[in-house]
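Work out the full structure, taking the sequences as your base and the hints as a guide.
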Amino acid sequence: MIKAKDLGKTVSTSEGALIILKGINLEIKKSESVAIVGASGSGKTT
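Count along the sequence shown from 1, add 18, and you get the number used in our numbering.
There's no promise every hint is true.
Listed below are the simulated EDC-like cross-link pairs for lysine to aspartate or glutamate, each with C-alpha atoms no more than 20 Å apart in a straight line [as the list claims (entries may be wrong)]:
#1 LYS27 / GLU50
#2 LYS21 / GLU33
#3 LYS47 / GLU33
#4 LYS21 / GLU50
#5 LYS27 / GLU45
What follows is a set of in silico ranges between Cβ atoms, one per label pair, in the way DEER data are often shown [said to hold, decoys possible]:
#6 THR31 / SER51: 10 to 20 Å
#7 THR63 / ALA35: 30 to 40 Å
#8 ALA53 / LYS21: 11 to 21 Å
#9 THR28 / SER49: 30 to 40 Å
#10 GLU33 / GLY61: 26 to 36 Å
#11 ILE54 / MET19: 32 to 42 Å
#12 THR31 / THR63: 16 to 26 Å
Hints in this document: simulated from the structure, not taken from any laboratory. From the three backbone atoms N, C-alpha and C, an ideal C-beta is built for every residue, glycine too.
What follows is the structure, given as C-alpha coordinates:
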(Lines of atoms letter the chains of each structure in order from A and count residues from 1; the text may use other names and numbers.)
(Lines give C-alpha, C1' and ligand atoms only; values in the text may rest on other atoms or scores of the structure.)
Protein backbone atom coordinates (compact mmCIF):
# COMPACT_ATOMS: atom_id res chain seq x y z
CA MET A 1 0.00 0.00 0.00
CA ILE A 2 1.11 3.53 -0.70
CA LYS A 3 -0.18 6.35 1.50
CA ALA A 4 0.40 10.07 1.28
CA LYS A 5 -1.12 12.44 3.80
CA ASP A 6 -1.53 16.23 3.71
CA LEU A 7 0.78 16.83 0.74
CA GLY A 8 1.26 20.27 -0.71
CA LYS A 9 3.21 22.10 -3.39
CA THR A 10 4.07 25.78 -3.53
CA VAL A 11 5.90 27.51 -6.36
CA SER A 12 7.53 30.92 -6.52
CA THR A 13 6.16 33.49 -8.94
CA SER A 14 7.04 37.09 -9.63
CA GLU A 15 4.08 38.03 -7.41
CA GLY A 16 5.11 35.74 -4.53
CA ALA A 17 4.35 32.19 -3.45
CA LEU A 18 1.55 30.34 -5.24
CA ILE A 19 -0.01 27.29 -3.59
CA ILE A 20 -0.88 24.80 -6.32
CA LEU A 21 -1.63 21.75 -4.15
CA LYS A 22 -2.85 21.78 -0.56
CA GLY A 23 -4.03 19.02 1.77
CA ILE A 24 -3.77 16.17 -0.73
CA ASN A 25 -4.45 12.71 0.74
CA LEU A 26 -3.92 9.55 -1.28
CA GLU A 27 -4.17 5.85 -0.54
CA ILE A 28 -3.39 3.24 -3.18
CA LYS A 29 -4.17 -0.29 -2.10
CA LYS A 30 -2.42 -3.43 -3.30
CA SER A 31 -3.56 -4.40 -6.82
CA GLU A 32 -5.05 -0.94 -7.54
CA SER A 33 -3.92 1.02 -10.58
CA VAL A 34 -3.66 4.80 -10.69
CA ALA A 35 -3.08 7.13 -13.63
CA ILE A 36 -2.39 10.85 -13.67
CA VAL A 37 -3.81 12.42 -16.81
CA GLY A 38 -3.85 15.93 -18.18
CA ALA A 39 -3.00 18.09 -21.13
CA SER A 40 0.59 18.69 -22.16
CA GLY A 41 2.12 21.32 -19.90
CA SER A 42 -0.49 20.93 -17.15
CA GLY A 43 2.06 19.96 -14.46
CA LYS A 44 1.71 16.19 -14.24
CA THR A 45 5.40 15.77 -13.40
CA THR A 46 5.32 18.53 -10.79
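Results of checking the hints against the structure:
no.: 1; hint: LYS27 / GLU50; result: violated, 25 Å
no.: 2; hint: LYS21 / GLU33; result: violated, 33 Å
no.: 3; hint: LYS47 / GLU33; result: violated, 40 Å
no.: 4; hint: LYS21 / GLU50; result: holds, 13 Å
no.: 5; hint: LYS27 / GLU45; result: holds, 18 Å
no.: 6; hint: THR31 / SER51: 10 to 20 Å; result: violated, 34 Å
no.: 7; hint: THR63 / ALA35: 30 to 40 Å; result: violated, 20 Å
no.: 8; hint: ALA53 / LYS21: 11 to 21 Å; result: holds, 18 Å
no.: 9; hint: THR28 / SER49: 30 to 40 Å; result: holds, 34 Å
no.: 10; hint: GLU33 / GLY61: 26 to 36 Å; result: violated, 18 Å
no.: 11; hint: ILE54 / MET19: 32 to 42 Å; result: violated, 18 Å
no.: 12; hint: THR31 / THR63: 16 to 26 Å; result: holds, 19 Å
The structure does not agree with the numbered hints 1, 2, 3, 6, 7, 10, 11 stated previously, though it agrees with the rest.
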